[in-house]
Amino acid sequence: MMQMGMVARGFRFAAIVAMVFTLAACAQTRTDGLTSNATPGSGQDFVVNVGDRVFFAEDQSTLSAQARSTLDKQAQWLNKYSRYTVTIEGHADERGTRQYNIALGARRANAVRDYLVAKGISDSRLRTISYGKERPVAVCNDESCWTQNRRAVTVLNNAGS
Amino acid sequence: MYFPVAARAGSWSRALAGSVRFAFAFLAAFAVFAAAGPAQALVEIDVTQGNVEPLPIAIPDFGGPGGDAEVARDVSAIISSDLRRSGLFRPLDPASFIEQNVNVGTPPQFGSWRPIGAQALVVGSVTRQGDGRLRAEFRLWDVFAGEQMLGQQFFTTPDNWRRLAHIIADAIYERLTGEKGYFDTRIVFVAESGPKDNRVKRLAIMDQDGANVRYLTRGDSLVLTPRFSPTRQEITYMAYSDEAPRVYLLNIETGQREVVGNFPGMTFAPRFSPDGQKVVMSLQQGGNSNIYVMDLRSRRTTRLTNSPAIDTSPSYAPDGSRIVFESDRGGSQQLYVMNGDGSGAERISFGPGRYSTPVWSPRGDLIAFTKMHQGRFMIGVMRPDGKGERILTEGYHNEGPAWSPNGRVLVFFRDTPGASGGPQLWTVDLTGYNEQRVPTEGFASDPAWSPLLD
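Protein chains in written order, with our numbering: chain A, 239 to 399; chain B, 6 to 459.
In short, the hints are calculated from the structure, not lab data.
Remember, it's a predicted structure, so these values are computed and weren't measured experimentally.
Accuracy of the hints is not assured; some may be wrong.
[What the hints assert, rightly or not] Some chain B residues close to chain A (C-beta under 10 Å, calculated; not the full set):
id	residue
1	Arg204
2	Met243
3	Phe382
No residue lacks a Cβ here, since even glycine has one placed at the ideal position from N, Cα and C.
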């Protein structure tokens, strides 16, 4: 019996590792060709070294400890590079109705905006938009994709300049 | 003997697209040969039953001597297809017909239609006039009573031949069921193309049977949730074409487009009031979504809900006195009914799961909705007091019901999972037994039904 329990726990651990790999692989595709040597203060720097997105639990807009940690880094970076204005995009997974997901995405974007404002970023630099379930980044039919789609992405508006 | 012919008066000058301008003229009466007197119809469909046994009906090819054979055949085929798809009729196989040369000008030999089980018989013809117009006439016979139930005649330009067929199908449907038909109608929807993570969405409009598709936007901006005006050739929808996503009005005859209202945030989930004079919608501000209504004439906006929650998908009762909407104010998405001025909101959905996208039947007796429970998405109906919930279809993902103008059929979209999956349009009637796919070229979502055309 004892051994059975150990095995099961081992499997669960393996599953968690596998999921982390999936996410990491996805992040790599997004930032194809970029490395952590990106010019400090560039858009690449923000995406690769800070992290441009946070994820949410199903039907939730509360920020997890991990999300707050990412947003702390975003706030620090945005305070340092004050020339940027940003658009915070809120998104939902496809397992909901269209209108509600538009509202839910708005809630998520606003949760991120409120957090960044609390960390000293001027409200005038922040704009929010919700895409609901209209802009998925992962298209498979299970939780591994839906977790990636339940996101708020901080997009630098003038990263090219 | 004189037998009056039902008249469908008026011109259709308000029909779609500006270019389509036509008028159906009428003969006031047919010279008639059938038995006189009020039809003691033996043949009728009781649509109040839960599961309707479809009525066997014979519809011989409208092509005949002197007629325009090709158009005539197509017209009778569309009438047959409309009636079959309703689930209330069973058009009989023409191979079983004994009497081969029926003629709209002479009574049929009823004795040859009874043995094959036909309870109703439609005899018609389509001919081309000297001026190029089509002339169509038909008679609906009660086979067992041996009496004419209906006789009508139409003139129109040849390009309207499909509408001609739908109008005749509506007349037959109405005579035999006692309810208005819904075949001479259109569906506005969102046509989708491209991969799932980069979808192009365009507003499109088509006949209710999937014919005559016309695109209303080019696909350069994201468009969602189009809804028909009950009174004008106009739709309201949400588009991402500006700084903030907003609700728009689009005149489908002129192509003229305007923003609805001057709101300080994103507006979405629009729907017309039953008189067509107002648009009710959600406004998002600071993460909260509340319901507002704008009077299209005075441009005055009124706030109807004020909660720290998601209040959306408002839909008016047909008399305009009440509004059903969804809200997560109680912790999860549920349906609420409030008065037209926003007062007296009461929750009406109490089953297990989440409820969304409520829409009030044009008959007033039911509210249709999307229900989500244990990873399944269902389309169902309940009475406005929340009682009598019935699920009409369920599966991986069914969403966004919209009513046919007679309140008997719902059109919705059904999505399929995975990277290659996508939505398609389906109808289901109130029995839940008659599901039909509405054919579209590619993926399609967010359907809304037009009123009966005029």
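Taking 10 Å as the limit, does the beta-carbon of arginine 204 of chain B come near enough to a beta-carbon in chain A?
With Cβ-Cβ at 7 Å, under 10 Å, it holds.
Supplied contact hint for methionine 243 of chain B, tested at 10 Å Cβ to chain A:
Since chain A brings a Cβ to about 8 Å from methionine 243 of chain B, closer than 10 Å, the hint holds.
Holds or violated: is there a CB of chain A closer than 10 Å to the CB of phenylalanine 382 of chain B?
Holds. Min distance 8 Å.
Checked against the numbered hints above, the structure breaks none of them.
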